[in-house]
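J.: Protein chains in written order, with my numbering: chain V, 2 to 230; chain C, 2 to 230.
Among the hints, a few may not be true.
Each pair may be met inside one copy or between any two copies, as identical chains are not told apart.
Said to hold, decoys possible - Derived lysine-lysine pairs resembling DSS-like cross-links, with alpha carbons at most 27 Å apart:
1. Lys213 to Lys226
2. Lys226 to Lys128
3. Lys33 to Lys10
Calculated directly from the structure, the hints in this document are not laboratory data.
There are 2 protein chains.
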Amino acid sequence: MFNQVKNTKVYEQIVEQIKSMVEDEILKKGDKLPSERVMAEDLGVSRASVREALRALEVVGLIESKQGAGNYIKEDFGGLISEPLSIMFMLQGSDPIDIFELREVIELETVVLAARKITDTQLEGIKDILNELKENFDEDQNVILDKKFHYMIAEASGNKLIIDVLEVLSQLIDNFIKDSRKNILADTSNKEELDKLHDKLYDAIKNRDESKAHYIMKEHFSLIKRYIS
Amino acid sequence: MFNQVKNTKVYEQIVEQIKSMVEDEILKKGDKLPSERVMAEDLGVSRASVREALRALEVVGLIESKQGAGNYIKEDFGGLISEPLSIMFMLQGSDPIDIFELREVIELETVVLAARKITDTQLEGIKDILNELKENFDEDQNVILDKKFHYMIAEASGNKLIIDVLEVLSQLIDNFIKDSRKNILADTSNKEELDKLHDKLYDAIKNRDESKAHYIMKEHFSLIKRYIS
Chain V
2 MFNQVKNTKV YEQIVEQIKS MVEDEILKKG DKLPSERVMA EDLGVSRASV REALRALEVV
62 GLIESKQGAG NYIKEDFGGL ISEPLSIMFM LQGSDPIDIF ELREVIELET VVLAARKITD
122 TQLEGIKDIL NELKENFDED QNVILDKKFH YMIAEASGNK LIIDVLEVLS QLIDNFIKDS
182 RKNILADTSN KEELDKLHDK LYDAIKNRDE SKAHYIMKEH FSLIKRYIS
Chain C
2 MFNQVKNTKV YEQIVEQIKS MVEDEILKKG DKLPSERVMA EDLGVSRASV REALRALEVV
62 GLIESKQGAG NYIKEDFGGL ISEPLSIMFM LQGSDPIDIF ELREVIELET VVLAARKITD
122 TQLEGIKDIL NELKENFDED QNVILDKKFH YMIAEASGNK LIIDVLEVLS QLIDNFIKDS
182 RKNILADTSN KEELDKLHDK LYDAIKNRDE SKAHYIMKEH FSLIKRYIS
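Between the sequences and the hints, there should be enough to build the whole structure, so can you do that?
T.: Structure representation (C-alpha cells):
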C-alpha cells in the first residue's frame, strides 16, 4: 500500500503519501488506516515517525484516532482547520473587523446564489425559522435562531465549500461579536428592524430577485456594523 | 513557562497551551520555542509527545523547525493551511466549480472594497500591470500578469485575511483552471475583451464607482466561466 521513504522530514512524506492516496481515491471518507505497525513497515520508517504524521493529520482534523480501534479518515470535517486558523488570526494580529468583513463579503454574494438556487423545501425551512424568531423573546434562543437563518441561506447556495467557510468564520467571529449580537437583539427596536429585514430578505429570495437580495443583505450588515465597530 | 498536563491526548493539550500563549502574546511571530527537552520537563510529558505536538503545528504551518536551531513561530503564513485544505477538498469530493464560485463570490465584493479604499500608489501599480498585459503576447507571462492584477485588487481591499484566503483559493484552483486560463488568453479576441474589461475595472475603481466595479467584475467572471464549466 505504501512506498519506502528516504529523506529527513519523514512525517511530511507520509502526509504526502496519504494525500496521494486520497487523490487516487484509494482512501475515502470514513476509511480505516492500516495500523501504525503496518504503516511503519510499509514505509520503512520508525513507528514514532508514523505517529508524528498521524498526530499532525489529527490536529488538522483530517483523521481521527478511535481509542483501541485505530485511525480513520474523518467522515465529517465540521470544525476542521478552525483551530489552526484561529491561532493564525491571533498571530497575524488579525483585526476581528477583517474577519467580519470577509463574512460580509461572502454573505452578500451567497444570498445572490441562494436567490438563484433555493428549493421550495428550503424556502419553507427559512420561513419557519423567521416565524420562530418573531415569536421568541429569549435572547439566547434568538442568537441561535438568527445564526440558523444565516446558515440556511448559505445552505441554499448549494455550495458546500461556502457553507464550511462561513461556519469557520462564524465560529471565529463569535468570540468577538457575542456580546454585540446580544446587545443588538436585546434592543426591541433593533429586533423589529431585524425582523423586517429578515422578511424582506426572505421575500427577495422567494421572488428570485438577486439584486434585491444583495441590497437587503447589505442593509442587514449595516445595522450590525453600527454595533461592532 | 508551561504547565503540567494530565490527560491521554497529550499533544492536544500542548497545542492548546501554545495557543493560549499566543493569545496572551507570550509567543509572537518569529519567536523561538523552548527546546523539546525543556518543554517536556515543563509540561511533565515525554519528548515524543512534545515532538508530536510540534510536528502537528509544523504541518499546519504555524511553526517551522530550523535544522539544528530549534523550533520557531513562523514569520510568514503564506501557503498556510493550503495543504490540509486541499486534502479536505479532495475528501469532500469538492467540485472545482465550487471553489471557483467561492473565489468569484469573494472577488465580486473585494473589488467593491478596493474601489472604496485604494490608494493612488496602488492605482498606479495596477495601471502598470495593465499596460504590461496589453503589450505582452507571451501566454505564460500573461497568466502571471493576470494573476498579479487580481492580487493587487485584493491588496487594495486592505483586508489581509481576504488577500490570504484568495491566495489559497487561487492555488487550489490553479490545478483545475490552468489550461482553461491559457485557452482564454491564447484566443486573441478573448484577450482583447479581457483587456477591455480590465480597463473598465480600473476606471471604475479609480472613479470610486463601487457598483460599476462590482458589475464589471461580474462580466469578467462570466467570460471566464464560459471556458471552465
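J.: Taking the earlier hints as the rules, which of them does this structure contradict?
T.: none
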